[in-house]
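Residues -23 to -1, 1 to 488 in mature numbering (1 follows the signal peptide of the UniProt record, and there is no 0) are what the sequence shown lists, from first letter to last.
By construction, these hints were calculated from the structure, which means they are not laboratory data.
Just so you know, these numbers come straight off a predicted model, no measurement behind them.
Misleading hints may appear alongside valid ones.
Stated by the list, open to error - Pairs of lysine to aspartate or glutamate residues, derived as DMTMM-like cross-links and limited to a Cα-Cα distance of at most 20 Å, are as follows:
id	residue 1	residue 2
1	LYS270	ASP307
2	LYS270	GLU243
3	LYS270	ASP314
To be verified - With beta-carbon atoms standing in for the labels, derived distance ranges:
id	residue 1	residue 2	range
4	ALA74	ASP323	54 to 60 Å
5	ARG399	ARG426	31 to 37 Å
6	GLY363	ALA107	52 to 58 Å
7	SER81	GLU243	26 to 32 Å
8	PRO48	ALA321	48 to 54 Å
9	ASP83	SER292	23 to 29 Å
10	GLY322	SER288	28 to 34 Å
11	PRO57	SER81	36 to 42 Å
12	ARG380	ASP83	33 to 39 Å
13	ALA321	SER292	31 to 37 Å
Note that the Cβ used here is the ideal one computed from N, Cα and C, for glycine as well.
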Amino acid sequence: MPNSAHLAACALATLLTAGPVAAQTPLSAIDWLSDSVRKPATAAKPRRAPATDVAVNALPRQVTVAPLGAPAPDRVGLLPAERVGLPDDLWHGSASADLARALSHDRAGALPALRDLLRAMLQSAAEPPADSGPEAVLFFARIDALLAMGDIDAARALLDRAEREEPRHFRRWFDIALLTGHEDLGCARMQALPAITPTYAARVFCLARGGDWATAALTLDTASALGVVGPAEAALLSAFLDDGTEPAASLIPPRQPSPLQFALFEAIGLPIGTASLPLAFAHSDLRHTVGWKAQIEAAERLARAGAISGSQLWSVYGARQAAASGGVWDRVRLAHDLDAAMQAGDAGAVADLLPDLWDAMRAAGLAHAFAAHYGPALSRLDLDGGAARTLAEIGVLSPARDRILATDAANALPPFLLSLARSAPDPSAAASDRERAIAEGFDAPPPARAGEMLQTGRIGEALLMAMDLIETGEAGNPDALHDGLAILRAAGQDDTARDAALDLLILDRRI
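Assemble the whole structure, with the sequences as input and the hints as a guide.
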């Protein structure tokens, strides 16, 4: 196309004469974000200082766009730290880079009590590190940690609370919109923000979503002529813009697509399964346009990581009747049977169902989600026999712990577990290395390194260390378990230490 070639040549000439640019640092610590926003160009420093009244080049300065009075991102949170049981100086004594490194560890599979603590740390408004600056290193580490845990609602809320319009903020916000089926909202915001310069791929996608197919096609032709869109991306965008006459089946999805690539493949009729993708992608399978089995699998995956509530999981289970048997269908059928027995007030039927359902949910890693959802209602029942211990275990992991501990069902629990749930673990009742390590962890000082962290205001770092030690302890290292629990208690997180120990004993994820 002569016109497209001319436009491309002019644009390429402009790029070549614009002058050198400084190397850009990556926009993200996670590697699956969409390449939706162009990085701002920054002029290289001149070799000698120019006269003050002479321009070095015609490039605009890189600016930070924020409303007057907007809070510093590193300080932003959804609730004050004190309100969620954390100190305001949670991060203050640490270096931002050290925190970012510690938060980059994958903790989506941590014990439920530790995940809850981590989410509280990531979402709370606390005093930022002393070296906090406009780079907002801690803020983006927190956002990316939430995205890695699948908690995209909290990530979006923090991005909104920061009130920024910079590319690093928008890039994450746009991907969340794509993963939750709000593409049009993301595109509308992209067009409305003057500080955002979309990449060609994002521009083509949003132009087409807005119905401007002609401009989208011209933009793609220009980008292809410039060579700024690779062959694979050009083929994908061409298939997206095509009217269906050209086959798209030959396109091979990338092993780890970005949310934009994920949306494009879905739009051309080649949806990518989310089971092997990062956890945040599972949210896209909760949409009603997705098949029910895929919805169930996504809901279970998210509930297993604590990214959605047990109530949300149960809502997906209850959408219709099980279509087959085995796997997810057995859990759906048991869930429906329990719902029916509870609604009928049939305690006998509940007693018959509960052990099998509890075993099934534990095996699937969904025990905590089930306990949080059904524990309060079940704790009002009077069950005996084998169902009594099951009821007590469910109740101890639920918000109804105090109620269940006041019933006869609690006496069905092993002595050490019962002592731990009621107050402090009884060392004389410990019957395994794990139980002895727990008892010692509740009556020992933290290791020296963690103690130094706590004394120098590196509280958040110490808590992250405790989480990693307890994970090592869960894998069979009693010394690490002992140290991790001791750190939590020394940091004032006694309830979390108890909850984590109960998770270890009741869930026993080694089986």
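>> Check the structure against each numbered hint from earlier and tell me which ones fail, lowest number first.
In response: Per hint list: 10, 11, 13 violated.
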